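Undergrad: Below are the chains, spelled out letter by letter.
Protein chains: 2
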Amino acid sequence: MSAPSVAPPADPAALSPRDARALFRAGLRVPTSGYAAGYTQANLIALPRDLAFDFLLFAQRNPKACPVLDVTEPGETSTEIFGGDLRTDLPAYRVYVNGEPTAEPTDVRDAWRDDLVGFLIGCSFTFETPLLAAGVPVRHIELGRNVPMYRTSRPCRPAGRFSGPLVVSMRPIPADRVADAVRITSRYPAVHGAPVHIGDPGALGITDLGRPDFGEPVPVEPGEVPVFWACGVTPQAAVMASAPEFAIGHAPGHMAVTDVRDSSYQVP
Amino acid sequence: MSAPSVAPPADPAALSPRDARALFRAGLRVPTSGYAAGYTQANLIALPRDLAFDFLLFAQRNPKACPVLDVTEPGETSTEIFGGDLRTDLPAYRVYVNGEPTAEPTDVRDAWRDDLVGFLIGCSFTFETPLLAAGVPVRHIELGRNVPMYRTSRPCRPAGRFSGPLVVSMRPIPADRVADAVRITSRYPAVHGAPVHIGDPGALGITDLGRPDFGEPVPVEPGEVPVFWACGVTPQAAVMASAPEFAIGHAPGHMAVTDVRDSSYQVP
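Sequences listed follow chains A and B, in order. For what it's worth, this note's numbering labels the leading residue of the first sequence as -1, then goes sequentially. For what it's worth, this note's numbering labels the leading residue of the second sequence as -1, then goes sequentially.
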């Protein structure tokens, strides 16, 4: 099923969550960073009911990477925080069979199963608005690219059927703003919070920042430090490593735009 | 099975977690507040595997009352944070059949089932050590009693099979130390954190502070305010309200003494 061509909006930040979701439902396929500014975005992972406990336990044991914001009721495709339809209202999805990605459609109505439980996981795009408001640059937004994401050599704590590596997102931050970036993002523990690692990509097992595992590369300029945050693609890396029979996730960077304001997830 | 008579130790606060557990295993039946000072205590709820997802989701949706610290692996009776045996090393248990408490033994080896998943839930006893260190009085410790706990009129957010009221613990705090009590306990979000309610028991549906639903009453002196914290007995109130076929909890106030220091759950 090829998506219809939908033009990106002139001012994505100004869209309401409902209007952003309508564009994605109509077929607009773009990374969502910068869309509906001030509203929380979420990672999606949907799994068969008989794997739901193992996954929720995996999330509980790896809270920095997998902060659970909401969970669907059986048979439902929307949640308290996401008024849209989880099968159509994200810009792109990944369908996994036995841990292998088999398709990246813009709509998963055909693939969705009644026994799926959908988990919405916090996303670091949420704290990009306060970073920008404080004058901390966010390179991938400046360049209109997807954020670069990397599998690391750091294992998650396993739970039942699920194990896999921590996945991180990376933002290059000027050396004199790194402390600000830590301070600001620490206030959002529900959406990955403070960085897990600052500088030295090699210590995370990342050999080439120019070749991310997900998303697109961005340049790290002289005087900048690569700063790494736990990433909500971690559940999909666990799906790839653990090979459950079936799963649906968002396409990395192509998030669920929720109806909840970023400020709801801010702590003092 | 009647428990052997074991004398309480002269200095319960000075015990190591291992030594405290050995006393409880030998049959000492006492509320654990004040035992093994500086080590985190936990509420226990053990449920059949087929209810485990619903319960973990209930906990995720009610994080102030049900902060999950650890979960047993299938077939295991100890966890990463609790080196003892969950069936013998708490001072007393409650066994529930179809939501009805049927026994309060000091040992549940006979009742334990292989399909049980044990959840350890944060306990407010954890922040009593820092309260005392700051000179904030903790009445039930002064009096050597169990903490008073109350069912409230405030419903938890349901999940699958589980619903029920929020349960709170109460400590009378001098009016000029209430702000300190808030500030100190806010730093321990994994063990219920800041109070959910300060003053006016009636607004929580509590008609008589002198008749707690669990634990023992303590006097509120002139100049003191009753301060209420979310309580890890909430899962047992949900068991009573939701009547799953089988469950085992700790006897309220008779906690699992873990090997983890309170300071591990402190945030800045």
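The set of hints was computed from the structure by calculation and includes no laboratory data. Hints are supplied without guarantee of correctness; some may be wrong.
Claimed, not checked - Derived, one-sided and incomplete: chain B residues facing chain A with beta-carbon distance under 7 Å:
#1 ALA50
#2 PHE51
#3 LEU54
#4 LEU55
#5 VAL66
#6 LEU141
All values reported here derive from a predicted model rather than from experimental measurement. Glycine included, every Cβ here is placed at the ideal spot set by N, Cα and C.
Undergrad: So, against the hints stated earlier in the document, which numbers end up violated here?
TA: As far as the earlier hints go, only 6 is violated by this structure.
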